[in-house]
Amino acid sequence: MGDLQIKKQPKKYDAVIVGSGAGGGMAAYVLANAGLKVCLLEAGPMFDPKTDSNQLKNPWESPRRGASTKFRPFGDFDGCYWGWTIDDEPYTQTGAPGTTSWEWWRARMLGGRTNHWGRISLRFGPKDFKRKSIDGLGDDWPIGYEDVKPYYDKIDKMLGVFGTNEGLENDPDGFFLPPPKPRLHELFIKKAGNSIGIPVIPSRLSILTKQVNSERGQCFYCAQCGRSCKVYGDFSASSCLVIPALKTGNIDLVTNAMAREVLTDRDGLATGVSYVNKVDMQEYQVFGRTVILGASACESARLLLNSKSPRHPNGLANNSNVVGKYLHDSTGADMGGIIPELLDRKRYNEDGVGGMHVYTPWWLDNKKLDFPRGYHIEYGGGFDMPLYGFSWGIEDLNGNYQIMGKQKEAGGYGASLKKDYRTLFGAHVGMAGRGETVANINNYCEIDPTVVDRYGIPVLRFNTSHSEYEIKQAKHMKETFSEILHAMGAITTWGNDDNEKNNWGLHAPGNIIHEAGTVRMGNDPKHSPLNKYSQAHDCKNLFCVDGGPFVSQADKNITWTILALSMRTSEYIVEEMKKHNI
Amino acid sequence: MDRRKSIKTLIIGGISTSVIAEACKSGENKPVPASEQTKDLTGTGINRMPEEKAYESKLLSEKAFFTPEEIASITILGDIIIPRDEVSGSASDAKVPEFIEFIVKDMPEHQTPLRGGLRWLDMQCLNRYEKSFKDCTPQQQMEMVDRIAWPKKAKPDMAQGVAFFSLVRNLVATGFYTTEMGGKDVGYIGNAPNQWNGVPADVLKKHNMAYTEKELKECVSFS
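So the protein sequences, as listed, match chains A and B. In this text, residue positions in the first sequence follow this note's numbering: the first is 1, and each later residue adds one. In this text, residue positions in the second sequence follow this note's numbering: the first is 1, and each later residue adds one.
For the record, the hints were derived by calculation from the structure and aren't laboratory data. Being a predicted model, the structure only gives us computed values, none of them experimental.
Calculated from the model, a selection of chain B residues having no Cβ within reach of chain A, i.e. all distances over 12 Å:
#1 A64
#2 S92
#3 R115
#4 W120
#5 T137
Below, in silico cross-link-like pairs of lysine-lysine (DSSO-like), each with a Cα-Cα straight-line distance of 30 Å or less:
#6 A:K408 <-> B:K152
#7 B:K206 <-> A:K406
#8 B:K214 <-> A:K154
Cβ-to-Cβ under 8 Å is the rule here; a few derived chain B residues that face chain A:
#9 N47
#10 G183
#11 G187
Beta carbons are placed, not taken as given, at the ideal position from N, Cα and C, and that holds for glycine.
Excised from the complex, chain A in its bound form:
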């Protein structure tokens, strides 16, 4: 470390973008295609699904048979580098009474977590931008559905999403590719749902059931979108945004670049970003006319809070003092069982796309319920590839229920046990509720005053808890799941032993991996760091394009809206640069 020095890049870019996931990747794509010169910083290594995906590997090709490791919490074949922990990059919790530890997922790779996400691509509806006007809780967005709709339309066409136009008020129609037909257990779910008034409609996933351009292939139904797709048949920021945008020649991509802080000048404007190169461990500075943060909601908040200067003593863009606050995730609770009618079912390939073919959008009116916001239901089941954990716990299954009309003794061994595994294969069904949390100023991340990571960068400390709203919603989810399972004649085998003591099985905050709200937009600079274009009120050439700007995150997975808002902000940046406003 004797010769440690800061290396300043002489080239001045139009934009320095931090992060190459949905938000940063889209910004890089729009700006580079508009002819602007971009420096794209990514904290992880290069990743191209075409060469790096583990798609079509067999379970036995992994010595741990696809089990998870700390490097890949979703399994050995998964398409995401890192997850709940990263070696030598800690985060902490306040541990205040009544709080529940935030579980923070961090991806480190080109394209970020979009390489493995569920591809569930739901538009926010008109009500989702105006929740305070409806129930008096939280805040309205400074924009409405009509502001974002043109961008949803564009990304539907550009990136591809299958689904159906159902004419639902708050689950808007779009430009959909045809959905795949439901699998057998999904037909059971649909029939059960219909019988008790719960809608079950084709899912909306960004997977190409038809080709959309010559650079991307069509889905070939291997069910492995989570591993990332070698033919680019689903949306990842790596395959669909950054890698195509590199061909413009307008992007200098710097991988293994861990951003340290946003640099500012005496006027308080952003001038660039300082970062540590994780390979040579040297310090670098890169400069641009604008700085765009897409590092993830929490990492972007961390960068801003760590970017203190005489003009920004409270951290950059933080005169409002709300950077890091209003942190929220989707709610989550799950349940599952087996469908007796599907025991010993006929075998065939039902892999399908990488995810559910049907789902349930929120269908009730919260005015008639004891909690304020809704949830959607995701479904699973069928003939999944056997991986580590296959039929684990059969001793709790094969003796607890009558199988094929016979009550067997639990546990066992031998030829009879082998028959049980065959009988049960493909008969399970599972469901997961994903709902809206009410964003709350008391849920936040902040800089831990005493802890740094291996690069000497101060780390985040979390302070989060669930409110009664989320807990009552989880209880409702569980009641609904029981009804659906009952209506389809299923035997519930897991997720049905929750009660008020464990918040009805409500997952810890952060666990659903939809972090949002930490750098929210709003018209009032006193209560929001960003304006309605995700431009910092206190620093006009600084933008945030990840989940940070979200005022609330609906009962919808947030990626499609991150993409739409990032495109909107990026087009705004291009226009403002043309006008020399920034």
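Let chain A serve as the given structure and place chain B on it in line with the hints.
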């Protein structure tokens, strides 16, 4: 050429060739993917980041966790749980003991329950039959296994053995059904390019299900 192979060639071959050609045109300064930066010492062909390769190489260079006596007992137990039958081979045919040797290094939380459980089993056998489990007669081994293989009817003083046997059952089954032999046994058909055209007609009929006109009209179909 069978149908599946032809689809595979069509999709993987056809499309990725053009994608590769495009990528090759895109410039000389293309960053090197992480998977190519460090030599893969593990020989699995699975994409790994450098940190994973270092971790796995360390695991593979460690000496065996189980003693030959312990592996012998695991092999006997494995073949009792998954014996050869008319459909498929046994746990040891599928090299399940080798999988368990690896997995306890990867998941150290299994080490003590397995080592301690094997010792518990040997002490039970020593007291009853004056031999360790692996040296008992097959009949004695089955008598002992029957004391711990049935959680609901096992005697209370066998509870530790029941917990041990359940863990072994789960590890053996996971190790077996995740092999090619085990996957075929259980009838998993997939992991190959194909065209999903819905539930086969005879299956729909059997379960009294049918696609609606709306579904048939709006869903993707292949003829």
